[in-house]
Amino acid sequence: MLFARVFYLQVWEHGKFKNLAKNNSTRVSLIRAPRGIIYDRNGVILVTSKQSLRIIAYPYIVSNVKDKRALARNLSKLTGKAESELFKILNETNPRVPLPIQIANNIDVSQAIKIYENAHLLPGIDVESQPIRYYPYGEVPAHLLGYVGEANEAELEYHANSPKKLKLGDKTGKSGVEKFFDEQLRGVDGERRIFVDRHGKSLNPGKEKKKLTKVPEKGNNLHLTIDIDIQRAAYDAMGDLMGAAVVVNPKNGEVLALVSKPSYNPNFFAEGIPHSIYQELSRKKAFLNRAGAGFTPGSIWKPITVLAALENKVIDPATKLHVSGAIYLGGFKFGDWTSEEGSMDMRTALAWSRDTYFYQVAKLLKPEQISSIGLLLGAGEKTGIETGDESAGIVPDPNWKKKHMGEAWYPGNTLHLSIGQSFLLVTPLQAATMISTMANYGKVPQLHVIKDKNKNQFKRVINNIKPESFKVLNEGLRQCVQSGTGGASNMYGDYAPIQIAGKTGSAEVYGYRHSTHAWFIAYAPYENPEIALALFGEGAGHGGSICAPVAQKIFEAYFKKYHPVKPEDRESIISKPFILNDKPTSAVDTDVVPKKEEINNGANTNNTKPQTGTTSLINQAANSLNTLNKLITKPQNNKPEFTIEESDEALSGPSPVIRDDDENKERKRRQH
Numbered sequence: 001m002l003f004a005r006v007f008y009l010q011v012w013e014h015g016k017f018k019n020l021a022k023n024n025s026t027r028v029s030l031i032r033a034p035r036g037i038i039y040d041r042n043g044v045i046l047v048t049s050k051q052s053l054r055i056i057a058y059p060y061i062v063s064n065v066k067d068k069r070a071l072a073r074n075l076s077k078l079t080g081k082a083e084s085e086l087f088k089i090l091n092e093t094n095p096r097v098p099l100p101i102q103i104a105n106n107i108d109v110s111q112a113i114k115i116y117e118n119a120h121l122l123p124g125i126d127v128e129s130q131p132i133r134y135y136p137y138g139e140v141p142a143h144l145l146g147y148v149g150e151a152n153e154a155e156l157e158y159h160a161n162s163p164k165k166l167k168l169g170d171k172t173g174k175s176g177v178e179k180f181f182d183e184q185l186r187g188v189d190g191e192r193r194i195f196v197d198r199h200g201k202s203l204n205p206g207k208e209k210k211k212l213t214k215v216p217e218k219g220n221n222l223h224l225t226i227d228i229d230i231q232r233a234a235y236d237a238m239g240d241l242m243g244a245a246v247v248v249n250p251k252n253g254e255v256l257a258l259v260s261k262p263s264y265n266p267n268f269f270a271e272g273i274p275h276s277i278y279q280e281l282s283r284k285k286a287f288l289n290r291a292g293a294g295f296t297p298g299s300i301w302k303p304i305t306v307l308a309a310l311e312n313k314v315i316d317p318a319t320k321l322h323v324s325g326a327i328y329l330g331g332f333k334f335g336d337w338t339s340e341e342g343s344m345d346m347r348t349a350l351a352w353s354r355d356t357y358f359y360q361v362a363k364l365l366k367p368e369q370i371s372s373i374g375l376l377l378g379a380g381e382k383t384g385i386e387t388g389d390e391s392a393g394i395v396p397d398p399n400w401k402k403k404h405m406g407e408a409w410y411p412g413n414t415l416h417l418s419i420g421q422s423f424l425l426v427t428p429l430q431a432a433t434m435i436s437t438m439a440n441y442g443k444v445p446q447l448h449v450i451k452d453k454n455k456n457q458f459k460r461v462i463n464n465i466k467p468e469s470f471k472v473l474n475e476g477l478r479q480c481v482q483s484g485t486g487g488a489s490n491m492y493g494d495y496a497p498i499q500i501a502g503k504t505g506s507a508e509v510y511g512y513r514h515s516t517h518a519w520f521i522a523y524a525p526y527e528n529p530e531i532a533l534a535l536f537g538e539g540a541g542h543g544g545s546i547c548a549p550v551a552q553k554i555f556e557a558y559f560k561k562y563h564p565v566k567p568e569d570r571e572s573i574i575s576k577p578f579i580l581n582d583k584p585t586s587a588v589d590t591d592v593v594p595k596k597e598e599i600n601n602g603a604n605t606n607n608t609k610p611q612t613g614t615t616s617l618i619n620q621a622a623n624s625l626n627t628l629n630k631l632i633t634k635p636q637n638n639k640p641e642f643t644i645e646e647s648d649e650a651l652s653g654p655s656p657v658i659r660d661d662d663e664n665k666e667r668k669r670r671q672h
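Just so we're aligned, residue 1 is where the sequence shown starts under this note's numbering, counting upward by one.
If you are wondering where the hints come from, they were derived from the structure by calculation, not from laboratory data.
Remember, it's a predicted structure, so these values are computed and weren't measured experimentally.
Just so you know, even glycine gets a beta-carbon here, dropped at the ideal spot from N, CA and C.
Treat the hints loosely; a few may be bogus.
Claimed, not checked - Computed list of lysine to aspartate or glutamate pairs in EDC-like fashion (alpha-carbon distance at most 16 Å, straight line):
no., residue 1, residue 2
1, Lys165, Glu150
2, Lys284, Glu538
3, Lys165, Glu153
4, Lys179, Glu390
5, Lys167, Glu155
6, Lys66, Glu92
7, Lys164, Glu217
8, Lys402, Glu368
9, Lys164, Glu183
10, Lys165, Asp189
11, Lys165, Glu155
12, Lys251, Glu530
Claimed, not checked - Simulated restraints, written as ranges between beta carbons of each label pair:
no., residue 1, residue 2, range
13, Val461, Ser129, 49 to 55 Å
14, Leu364, Asp452, 41 to 47 Å
15, Gly43, Gln457, 21 to 27 Å
16, Lys313, Glu157, 52 to 58 Å
17, Gly493, Asn528, 18 to 24 Å
18, Pro163, Asn94, 26 to 32 Å
19, Asn106, Ala496, 47 to 53 Å
20, Asn64, Asp452, 49 to 55 Å
21, Ile394, Lys88, 43 to 49 Å
22, Glu271, Pro163, 27 to 33 Å
23, Ala496, Gln51, 46 to 52 Å
24, Glu85, Tyr562, 49 to 55 Å
25, Lys50, Glu117, 22 to 28 Å
26, Lys50, Asp236, 22 to 28 Å
Work out the full structure: start from the sequences and follow the hints.
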């Protein structure tokens, strides 16, 4: 019986099976694994995957097609792509390539049907379903999340020995979180074995059961610290401003929002970005993450000079110096942003950002004394945030200048350094770290975007800066918003009583329509900080008029979400706000040491009863008017209460800083 069956198959049916073997074969097709989903802190999906159809060509079949021109012509009619472009792809196909090549991506169902209906005219051509990345919020979190693209040769080589080895045609993270956590997000592809005829078409399509030989494994999910509502509020508040916004929780370093503008839509890269759009985005430098790029900080650096002066005891914070339109050093003019003269103590000079005050202080300091404080607070080093692609910036000193410029350090360089000019470069991420450290009285937060309860919250705790120094600094930052250049950041309505502390900055630059970069760093509430931010406008103008109003909108969005005010609670909110003290702090005795619990949250130790509601706002306006009157009133003898001898030492090197009076005009407008 067995012999008869063997004879039947090998002899009688020999021709039939020989023909089947000749015309049929087995094809192994990849099943692409979807990448992991990325969520915000509240479980909102920021990135996911969706199914997409694409047209593919199998190289080993296409290479044997005699009339590739006809194949390209047929494809062109069905897809709308240029025949010449398709012919080039088909003609250059390498038959040894084991995986299919892509002809068209993200096609619609009607196109797929046409391909199936005309299969007899399209040898080696097929339609395949694959997961592609989808970004529901488009441009809003683009620089934070990044995008994916096909792996290039360098990336294939880099991942050659990794557990999830990249293959030709694989998608990999190109920037942002997508790149930083690429291996975690990337899944493991599966395989499917299909019987096909000599044209590469499945036998009995629709009836044959496709055999899975390997089930695909989805990538791991990520949960971020980002709040998409705050992210969107920051993005919208910036409008057409070219720059960056970084919003953090200073208590633990969690990044609530990270915005860079101009932005781009990462869905373009998932679906195939048109060349014209790519060129336009490149021209605008839209792919540059400005949150991690270094820029001249300007006056947001003055808090560093304040701490350097206090720690080195070169001046008492209550001592007043004469401020004016400029000082001269060795025949060089070092200008202020206003020519108004008066006497100011340290807090008031910080609040009104008077350059001539800081020039005089800088004459008493060594450049290393200023630079070292900046380094302690987070400048000059990468934050280590999990988006990658950030600069370390530059914090210069004499050794740096000698090494990189081959020049000696001049006294004028120290004056420039004291007001944040010089050769300084600070990133908005670093600026957010610095203002958080000031709010924390010396605790330097580790910025991070991955939601992890076990994450180390602080890089370090600065023990060699006294709490009293941070106290004076924070009082000056509060006064800057209360009655100085940062007033445009104050909130209105139910949230008006919330106290904000901050510092404006306008950094001298060239090559822009406006001659300054705009900066604003701030935190709130003053006595128990929950939110800190750094705002940057590239070549945008002045920080007080450009960035402070943006901060106001971000603060408002945050407090409305996390501290909503119900109508029935309004009275208690107004009478018991996030307020410690509305009294101007320019004459506060700095010998008072804050209590330990107050040091931890940056509290003001004055026991003055908080002012509330409309009364508080009226008193704030009165305080602003009083401060302004003091500012523009010259001493009777026209001499400063404290003077520093001018140096006769000759200078060379950087050109003098001469500031315009736009901030002065803005201040008068707000006072009026």
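Results for each hint:
no. : hint                           : result
1   : Lys165 with Glu150             : holds (14 Å)
2   : Lys284 with Glu538             : holds (12 Å)
3   : Lys165 with Glu153             : holds (13 Å)
4   : Lys179 with Glu390             : holds (13 Å)
5   : Lys167 with Glu155             : holds (10 Å)
6   : Lys66 with Glu92               : holds (13 Å)
7   : Lys164 with Glu217             : holds (11 Å)
8   : Lys402 with Glu368             : holds (14 Å)
9   : Lys164 with Glu183             : holds (7 Å)
10  : Lys165 with Asp189             : holds (11 Å)
11  : Lys165 with Glu155             : holds (10 Å)
12  : Lys251 with Glu530             : holds (7 Å)
13  : Val461 with Ser129: 49 to 55 Å : holds (54 Å)
14  : Leu364 with Asp452: 41 to 47 Å : holds (45 Å)
15  : Gly43 with Gln457: 21 to 27 Å  : holds (22 Å)
16  : Lys313 with Glu157: 52 to 58 Å : holds (56 Å)
17  : Gly493 with Asn528: 18 to 24 Å : holds (21 Å)
18  : Pro163 with Asn94: 26 to 32 Å  : holds (28 Å)
19  : Asn106 with Ala496: 47 to 53 Å : holds (50 Å)
20  : Asn64 with Asp452: 49 to 55 Å  : holds (54 Å)
21  : Ile394 with Lys88: 43 to 49 Å  : holds (47 Å)
22  : Glu271 with Pro163: 27 to 33 Å : holds (29 Å)
23  : Ala496 with Gln51: 46 to 52 Å  : holds (50 Å)
24  : Glu85 with Tyr562: 49 to 55 Å  : holds (53 Å)
25  : Lys50 with Glu117: 22 to 28 Å  : holds (25 Å)
26  : Lys50 with Asp236: 22 to 28 Å  : holds (26 Å)
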